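Line by line, the protein sequences give chains X and R. Here the first sequence is numbered in my numbering, starting from 1 and rising by one per residue. Here the second sequence is numbered in my numbering, starting from 1 and rising by one per residue.
Read the hints as simulated data drawn from the structure, not as lab findings. Be aware that one or more of the hints could be misleading.
[What the hints assert, rightly or not] Here chain X is said to cover these stretches of chain R; the calculated rule only asks that three of the stretch's residues, wherever they fall, bring their Cβ under 8 Å from a Cβ of chain X:
{"no.": "1", "stretch": "14 to 23"}
{"no.": "2", "stretch": "26 to 32"}
{"no.": "3", "stretch": "65 to 72"}
{"no.": "4", "stretch": "83 to 90"}
{"no.": "5", "stretch": "95 to 108"}
Model, not experiment: these values are computed from the prediction. Ideal Cβ positions, reconstructed from N, Cα and C, are used throughout, including at glycine.
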Amino acid sequence: MAPSQDNASPQGASQAFAGWISVALASALFALFWQALGPIGAGEVLRFERPWVPSLGISLSFLIDGLSLTFALLITGIGALVMLYSTKYLAGHPHFARFFLFLTLFMMSMLGVVTSDNLLTLFVFWELTSITSYLLIGFSHSGADSRRSALQALLVTGAGGLALLAGIILLGWAAGTYELSEIRAQGDAIREHALYLPILILFLLGAFTKSAQMPFHFWLPNAMAAPTPVSAYLHSATMVKAGIYLMARMHPTLAETDVWLWTLTIAGASTAVFASFMAVRQTDLKQILAYTTLMALGTLTLFLAADVGYAITAAMTFLIVHSLYKAALFLIAGIIDHSTGTREIDRLGGLARAMPITTAAAALAALSMAGFPPFLGFIGKELKYAGALAVQSEPYLVAAAVLLANALMLVAAGLVAFRPFWRGTHSTPKTPHEAPWRMLAGPVILALLGALFGLNSDLIAVPLVEPGVKAISAGELKPAELKLWAGVNIPLILSGVTIALGVVLLFLHNPMRKILAGIEARMPWFDRGWDNLLDSFKTVASWQTRILQSGEMRRYVYTVFATLLIAVGGTLIYKGAWAGLPAIPDLEVKHWVVTLLIVAGTALVTVTNSRITAIAGLGAVGIGVALIFIIYGAPDVAITQLLVETLVVVLFAVAALRLPTLKPGDGFPNRKLDAVFATAIGAVVAAILITVTTGPIDLRLTAFFEQASWLEAYGRNVVNVILVDFRALDTFGEIAVVAVAGIAAWSLLKGQTSDPEPDGEDAK
Amino acid sequence: MELVLSILVGVLVAAAIYLMLARDLMRFLFGLILISNAANLAIFTSGRLTTGAPPLITPGSDFPAEGAANALPQALVLTAIVIGFGLFAFALTLTLKAYKRLGTLDTSEMRVAEPRDDA
Numbered sequence: 001m002a003p004s005q006d007n008a009s010p011q012g013a014s015q016a017f018a019g020w021i022s023v024a025l026a027s028a029l030f031a032l033f034w035q036a037l038g039p040i041g042a043g044e045v046l047r048f049e050r051p052w053v054p055s056l057g058i059s060l061s062f063l064i065d066g067l068s069l070t071f072a073l074l075i076t077g078i079g080a081l082v083m084l085y086s087t088k089y090l091a092g093h094p095h096f097a098r099f100f101l102f103l104t105l106f107m108m109s110m111l112g113v114v115t116s117d118n119l120l121t122l123f124v125f126w127e128l129t130s131i132t133s134y135l136l137i138g139f140s141h142s143g144a145d146s147r148r149s150a151l152q153a154l155l156v157t158g159a160g161g162l163a164l165l166a167g168i169i170l171l172g173w174a175a176g177t178y179e180l181s182e183i184r185a186q187g188d189a190i191r192e193h194a195l196y197l198p199i200l201i202l203f204l205l206g207a208f209t210k211s212a213q214m215p216f217h218f219w220l221p222n223a224m225a226a227p228t229p230v231s232a233y234l235h236s237a238t239m240v241k242a243g244i245y246l247m248a249r250m251h252p253t254l255a256e257t258d259v260w261l262w263t264l265t266i267a268g269a270s271t272a273v274f275a276s277f278m279a280v281r282q283t284d285l286k287q288i289l290a291y292t293t294l295m296a297l298g299t300l301t302l303f304l305a306a307d308v309g310y311a312i313t314a315a316m317t318f319l320i321v322h323s324l325y326k327a328a329l330f331l332i333a334g335i336i337d338h339s340t341g342t343r344e345i346d347r348l349g350g351l352a353r354a355m356p357i358t359t360a361a362a363a364l365a366a367l368s369m370a371g372f373p374p375f376l377g378f379i380g381k382e383l384k385y386a387g388a389l390a391v392q393s394e395p396y397l398v399a400a401a402v403l404l405a406n407a408l409m410l411v412a413a414g415l416v417a418f419r420p421f422w423r424g425t426h427s428t429p430k431t432p433h434e435a436p437w438r439m440l441a442g443p444v445i446l447a448l449l450g451a452l453f454g455l456n457s458d459l460i461a462v463p464l465v466e467p468g469v470k471a472i473s474a475g476e477l478k479p480a481e482l483k484l485w486a487g488v489n490i491p492l493i494l495s496g497v498t499i500a501l502g503v504v505l506l507f508l509h510n511p512m513r514k515i516l517a518g519i520e521a522r523m524p525w526f527d528r529g530w531d532n533l534l535d536s537f538k539t540v541a542s543w544q545t546r547i548l549q550s551g552e553m554r555r556y557v558y559t560v561f562a563t564l565l566i567a568v569g570g571t572l573i574y575k576g577a578w579a580g581l582p583a584i585p586d587l588e589v590k591h592w593v594v595t596l597l598i599v600a601g602t603a604l605v606t607v608t609n610s611r612i613t614a615i616a617g618l619g620a621v622g623i624g625v626a627l628i629f630i631i632y633g634a635p636d637v638a639i640t641q642l643l644v645e646t647l648v649v650v651l652f653a654v655a656a657l658r659l660p661t662l663k664p665g666d667g668f669p670n671r672k673l674d675a676v677f678a679t680a681i682g683a684v685v686a687a688i689l690i691t692v693t694t695g696p697i698d699l700r701l702t703a704f705f706e707q708a709s710w711l712e713a714y715g716r717n718v719v720n721v722i723l724v725d726f727r728a729l730d731t732f733g734e735i736a737v738v739a740v741a742g743i744a745a746w747s748l749l750k751g752q753t754s755d756p757e758p759d760g761e762d763a764k
Numbered sequence: 001m002e003l004v005l006s007i008l009v010g011v012l013v014a015a016a017i018y019l020m021l022a023r024d025l026m027r028f029l030f031g032l033i034l035i036s037n038a039a040n041l042a043i044f045t046s047g048r049l050t051t052g053a054p055p056l057i058t059p060g061s062d063f064p065a066e067g068a069a070n071a072l073p074q075a076l077v078l079t080a081i082v083i084g085f086g087l088f089a090f091a092l093t094l095t096l097k098a099y100k101r102l103g104t105l106d107t108s109e110m111r112v113a114e115p116r117d118d119a
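Sequences and hints are given; from them, build the entire structure.
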């Protein structure tokens with residue numbers, strides 16, 4: 001792991017160490033997963049398990065099949081190249097080491113997502129990717145824009161994550177296990193389960209927010225506030241595909257229904273078409289690439305909707321194709337930015353002479369993106385057409401959507417990878433120069449792989465695509481072949497149409513951009529909608545705070561006692577516990593005298609406007625209560641009560657010297673409602689107490705104390721024994737509370753520095 | 001007698017809440033004392049009342065006499081009285097301090113922590 005501390009010296013050796021060790025870790029993991037290619041290609045599935053929280057059915061179980069291996073190789077391979085690139089791109093950055101810490105954390109979390117076999121473990125890693133993504137988008141945390149984008153991404157994907165968690169729990173409940181390998185076997189039972197629809201909706205909410213499907217797409221273009229290597233890695237090649245991974249992983253369990261088919265088809269197709277129009281409307285290199293990423297995610301969703309071999313093969317292949325060319329193009333965008341100081345395509349041109357290697361890599365990646373033979377992108381495109389025509393929903397509409405998106409992709413590829421390098425020369429903020437090898441390695445290798453896999457598609461077909469298709473379809477579908485030349489067929493004709501349409505649109509790009517800008521200005525703007533949503537949350541929060549925290553003490557008292565009234569009184573009525581009034585007992589005179597003393601004292605306190613009278617009334621109540629304690633065999637309590645009551649009266653009398661007199665009627669006349677409210681609560685308390693005392697009593701605890709007091713604790717006063725022996729810790733706590741109250745009161749009084757005379761009425 | 005004491009507790013609670021709803025902090029404190037007395041009496045009463053015999057063990061015997069008062073609520077009330085006193089003392093000091101700082105005991109005028117949003 002990279003050290004987490006920043007170094008004061010920007011070029012410190014330990015910083016370089018942080019970078020290189022991350023690169024080494026990613027490479028080592030890549031090599032490790034490489035080892036699995038053989039067994040997976042041979043049709044094996046690797047699984048490891050360790051118990052984690054067995055009581056909740058959570059285990060650290062990991063499963064590697066074609067699908068997870070494809071993802072793992074992309075994550076570690078592109079990860080290593082992106083980290084290598086970043087050692088140069090961010091060289092000298094004050095938070096260099098922190099960057100590599102986040103990036104490595106992300107890589108490990110993402111590997112966790114794609115290899116977990118336990119849904120809850122998967123969820124933990126899923127959330128970790130959201131958090132590391134938040135940290136990386138907000139990496140330039142001094143910019144308000146970065147912070148806003150980071151928070152937006154976190155809230156959108158975090159909300160989706162919560163939905164996913166709910167879905168996982170429902171699914172775990174329905175299936176009786178959280179192990180994916182066991183759940184997969186019960187696909188038919190899950191699809192017929194009463195909870196299928198809620199489970200599906202919750203899972204798709206998680207997947208759509210993570211993979212930025214409409215209408216949750218808006219966070220992804222904003223996430224471009226992150227440093228370019230992050231955009232290449234997280235927001236194009238890996239993290240945003242976690243939702244795609246989830247849909248692929250759940251395919252055997254949740255797919256094959258009409259809801260699945262149509263939801264994914266509509267979301268995927270509308271995202272793909274919308275995003276490809278938006279892509280050619282942009283002028284910033286990274287924004288163009290961000291929208292083409294959305295298009296790719298939409299296309300992947302679209303193909304995962306279907307349940308035919310061609311469509312799934314298309315999805316698996318396009319997943320690899322897209323990660324290769326898109327990561328390369330993002331890294332190239334970073335190189336252009338780094339070397340010229342701008343990413344605006346209108347200000348770029350003629351860079352080919354100064355940057356020949358970058359130009360070549362960009363051309364290779366763009367040709368794969370645009371779908372020209374013999375690149376892997378061409379095979380991917382052919383498969384997409386074959387897959388589109390094979391889907392069960394609306395083959396022609398799907399094919400049309402894919403065709404339109406592909407043609408616009410060609411335009412975007414031209415904008416990103418040709419325009420800045422050829423067409424004319426512009427003056428840029430910095431003089432363009434070729435990038436150093438560490439920054440070139442990634443784009444060149446990735447672009448060359450796109451060509452290599454195109455020329456020899458068996459390299460990925462056998463070990464990755466075919467096992468991947470088997471994993472997605474639980475072995476039920478036959479993977480399609482990856483071929484450069486499949487004869488003259490409909491996909492080939494559609495490819496020709498795509499290229500022709502794309503080239504025409506590329507020439508018409510400028511007028512098209514103006515029209516699109518005009519349309520965009522009139523469309524509802526999701527990003528602004530998001531701000532409005534957050535604002536409305538704030539409005540609700542402050543409204544609620546105004547209601548609950550009015551600052552009026554009377555209202556707080558009302559709230560507390562109204563709760564008591566409803567909870568206790570309601571329970572009393574609901575349970576039907578009220579047994580009626582028992583007969584008034586025959587009492588001795590002294591009992592009536594004491595009772596009347598207390599009532600009279602209470603009345604006095606309540607009605608008087610004189611402080612002395614009130615204090616006298618309180619004293620009468622206190623003494624009356626002490627007398628009750630004496631009469632009913634509680635001399636210890638009575639003594640304490642008398643002592644405390646005396647202290648209360650003394651303290652009050654002393655304090656009254658410094659406090660104002662009581663205002664008659666408390667300054668506001670209408671207290672009838674208060675009186676009714678108070679009486680109601682008094683009645684409820686009396687009723688509950690009568691119900692309690694007329695019911696049976698459980699004396700086991702008292703009996704225990706009586707038995708044990710002398711024989712075990714050697715004390716003859718049972719009350720004292722309880723306090724200082726059986727419940728000694730309680731008593732100790734009580735002493736602590738009184739001591740704290742005393743210290744607090746003392747420090748409050750001591751704070752009266754303006755007070756000339758020393759304070760006499762310290763609480764203790 | 002439990003019936004009478006139960007009603008007495010009700011009366012104390014009603015008076016206490018009426019006082020606590022006043023705007024004058026001094027009256028609020030009166031209410032606080034009354035409600036703490038009411039709570040103690042409620043605990044005491046719910047343990048049932050026994051006239052006379054306190055829960056003591058006379059020398060020579062191992063247990064309290066038959067029909068002695070219930071010791072458990074007594075222990076609880078004893079604790080509650082002391083805690084209630086601590087609370088009262090602290091509240092009284094706060095009141096003193098508040099009056100010194102703000103010059104009023106009207107709770108509707110005490111808005112330092114939660115200002116009115118008239119603005």
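- [ ] Report holds or violated for chain X covering the stretch 83 to 90 of chain R, Cβ cut-off 8 Å, minimum 3 residues.
- [x] holds (count 8)
Task: Within 8 Å of chain X (C-beta), three or more residues of the stretch 65 to 72 of chain R - done: holds (count 5)
Open item on the list: Count the residues of the stretch 26 to 32 of chain R whose Cβ falls closer than 8 Å to any Cβ of chain X, and tell me whether that reaches three.
Closed with: Holds: 5 residues of the stretch 26 to 32 of chain R have a Cβ under 8 Å from chain X.
Task: Cβ contact check, 8 Å cutoff: the stretch 95 to 108 of chain R against chain X, three residues minimum - done: holds (count 9)
Task: Coverage criterion applied to the stretch 14 to 23 of chain R (partner chain X; beta-carbon cut 8 Å; 3 residues) - done: Our answer is that it holds, as 10 residues pass the Cβ test (under 8 Å) against chain X, meeting three.
In this structure, none of the earlier numbered hints is contradicted; all agree with it.
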